[in-house]
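Asks: Sequence:
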Amino acid sequence: MNLPSAFEEKMKQLLGAEYTDYLDCFDEPRHYGLRVNTAKISVEDFLKISPWRLKKIPWIHNGFYYDGENCQPAKHPYYFAGLYYLQEPSAMTPADRLPIEPGDKVLDVCAAPGGKATELGARLNGTGVLAANDLSNSRAKGLLKNIELMGIGNVLVLSEEPGKLIPYFTEYFDKILIDAPCSGEGMFRKDRRMIRAWEEHGPDYFARIQKSIITQAAQMLRPGGMILYSTCTFSPEENEQTIEYLLEQYPEFDVCEIDGYEGFACGMPEVTASNDKRLSRTVRIFPHRMKGEGHFLALLKKQCPDAPDALTDPDATSSDAKYDRRSAAKDNGKTSTRRRKLPEELTDFLADVRRGFDPGRFDIRADKVYYMPEDLPALNGIRFLRTGLFLGELKKNRFEPSQAFAMNLKKEEYPRIIDLPVSDERVLKYLKGETLDVEDLVSPKEKGWYLVCVDGYPLGFGKLAGQVLKNKYLPGWRWQSA
Numbered sequence: 001m002n003l004p005s006a007f008e009e010k011m012k013q014l015l016g017a018e019y020t021d022y023l024d025c026f027d028e029p030r031h032y033g034l035r036v037n038t039a040k041i042s043v044e045d046f047l048k049i050s051p052w053r054l055k056k057i058p059w060i061h062n063g064f065y066y067d068g069e070n071c072q073p074a075k076h077p078y079y080f081a082g083l084y085y086l087q088e089p090s091a092m093t094p095a096d097r098l099p100i101e102p103g104d105k106v107l108d109v110c111a112a113p114g115g116k117a118t119e120l121g122a123r124l125n126g127t128g129v130l131a132a133n134d135l136s137n138s139r140a141k142g143l144l145k146n147i148e149l150m151g152i153g154n155v156l157v158l159s160e161e162p163g164k165l166i167p168y169f170t171e172y173f174d175k176i177l178i179d180a181p182c183s184g185e186g187m188f189r190k191d192r193r194m195i196r197a198w199e200e201h202g203p204d205y206f207a208r209i210q211k212s213i214i215t216q217a218a219q220m221l222r223p224g225g226m227i228l229y230s231t232c233t234f235s236p237e238e239n240e241q242t243i244e245y246l247l248e249q250y251p252e253f254d255v256c257e258i259d260g261y262e263g264f265a266c267g268m269p270e271v272t273a274s275n276d277k278r279l280s281r282t283v284r285i286f287p288h289r290m291k292g293e294g295h296f297l298a299l300l301k302k303q304c305p306d307a308p309d310a311l312t313d314p315d316a317t318s319s320d321a322k323y324d325r326r327s328a329a330k331d332n333g334k335t336s337t338r339r340r341k342l343p344e345e346l347t348d349f350l351a352d353v354r355r356g357f358d359p360g361r362f363d364i365r366a367d368k369v370y371y372m373p374e375d376l377p378a379l380n381g382i383r384f385l386r387t388g389l390f391l392g393e394l395k396k397n398r399f400e401p402s403q404a405f406a407m408n409l410k411k412e413e414y415p416r417i418i419d420l421p422v423s424d425e426r427v428l429k430y431l432k433g434e435t436l437d438v439e440d441l442v443s444p445k446e447k448g449w450y451l452v453c454v455d456g457y458p459l460g461f462g463k464l465a466g467q468v469l470k471n472k473y474l475p476g477w478r479w480q481s482a
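Take the sequence shown: its position 346, counting from 1, is numbered 346 in the working numbering, and each next residue is one higher.
These are computed hints drawn from the structure, not numbers from a lab.
It is possible that part of the hints are untrue.
Label pairs and their calculated CB-CB ranges [unchecked claim]:
hint: 1; residue 1: R354; residue 2: E18; range: 54 to 64 Å
hint: 2; residue 1: K48; residue 2: E413; range: 39 to 49 Å
hint: 3; residue 1: R355; residue 2: E9; range: 57 to 67 Å
hint: 4; residue 1: K429; residue 2: Q13; range: 51 to 61 Å
hint: 5; residue 1: K396; residue 2: S136; range: 43 to 53 Å
hint: 6; residue 1: W479; residue 2: S138; range: 50 to 60 Å
hint: 7; residue 1: E439; residue 2: E161; range: 46 to 56 Å
Where is the CB? At the ideal position from N, CA and C, for every residue including glycine.
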């Protein structure tokens, strides 16, 4: 393995006697990871139906290793049902270690392709809001697909420079995840192309970007909220020194302990100018110590101000109340426009859905219908790909439900189901966009929209006409043979 000499010298200083062990790990095979999507299925239930032998990733509650040389989980119908996400094991750690609570407002600043965002959304379990942002519009499109595939509906998918979000979301979020763009040193074993990229743009280039992102995110976090900062690099400039910079610029932040694992290494205060001992609470993941690639994590908390705002706002009972009212004030005028009478074709379709809907959260723009998360600020002026759950479209006095809606539903929430076992050849035919003969499953008199499932987990919609199911699976998601 030919590593850049400057990188080798740095790693020798960082690792000391462990450097030889680090070099030896390049001769070991990479590790493949699968994370169960608990928004759709429990870990226990997935293990009962898993087509492959899986081995637990010991520090991730819903993570497993699989044999990447002999298994193709991205080609299995369960993947198309959103039952799991394929992710490098160490990369599962940041979202796992950010303590999400029901109802949280969560921001993933650099979210594409969606591995961390989809885990955050699953842990919110339909409550609060997940704002998933990526500056690259093309990458944000892939992010949106993964979020919808995983069945997450309480979402904003944005494509903006993080600084532009500040006026809209000042002190709005309870939790923020920053998986920062970095020099990728921790991925050299997994992807040798990262070495050339490192030579073109080294740590100093990325450190400037990271300092900008983390200080911008700090302004969008409410007092009492938490940031999880992570990289997949070993560089002190991008890791401890970036956290040191935040602590200097925003002294109200503190470094929190992260739930440990025997393979974790402590952060290194000695690589910073301040030698701030709090930096030892950060975590380094080295590939020679664990079955995963290199990573860095820091969990940060924004302390509440000593003096409550009750002095200036006599109605405030807590800092949380202040921020909730601020958000509601920004939403004034928008919610009222959503409270108009809903189209009959929409209410007729939703009458069959066994789920409670708040009429004030529907947003109809042109012919498209969205169900919005609660308590959003006004979003005029920023670029987004999705706001809320896209339910479907109004077309010539009828409502056509969307692929995103299908993936967000549970089997028991919809009355008309075509549930196919995974061994049924019609599962692949459906995923390829073909028309299905279903005379053995439904009466030809039972026309209308059907939710097609595999082993009880939704894949998408179809429309029954006679004994034939017209395929409504989203064309851009269809099964590709190659």
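Asks: Compare the structure with each hint and give your call.
Replies: Hint by hint, here is what the structure shows:
1. Range check, R354 to E18: Cβ separation about 56 Å, and the 54 to 64 Å hint holds.
2. In this structure the supplied range 39 to 49 Å is violated for K48 paired with E413, their Cβ-Cβ distance being about 22 Å.
3. Range check, R355 to E9: about 59 Å between beta-carbon atoms, so the 57 to 67 Å window is met.
4. At roughly 58 Å, the beta carbons of K429 and Q13 sit within the given window of 51 to 61 Å.
5. The supplied range of 43 to 53 Å is broken by K396 and S136, whose beta-carbon atoms lie about 36 Å from each other.
6. For W479 and S138, the Cβ-Cβ distance of about 23 Å falls outside the hinted range of 50 to 60 Å, so the restraint is violated.
7. Between E439 and E161, the C-beta spacing of about 54 Å keeps the proposed range 46 to 56 Å intact.
Consistency with the previously given hints fails for numbers 2, 5 and 6, ordered from lowest to highest.
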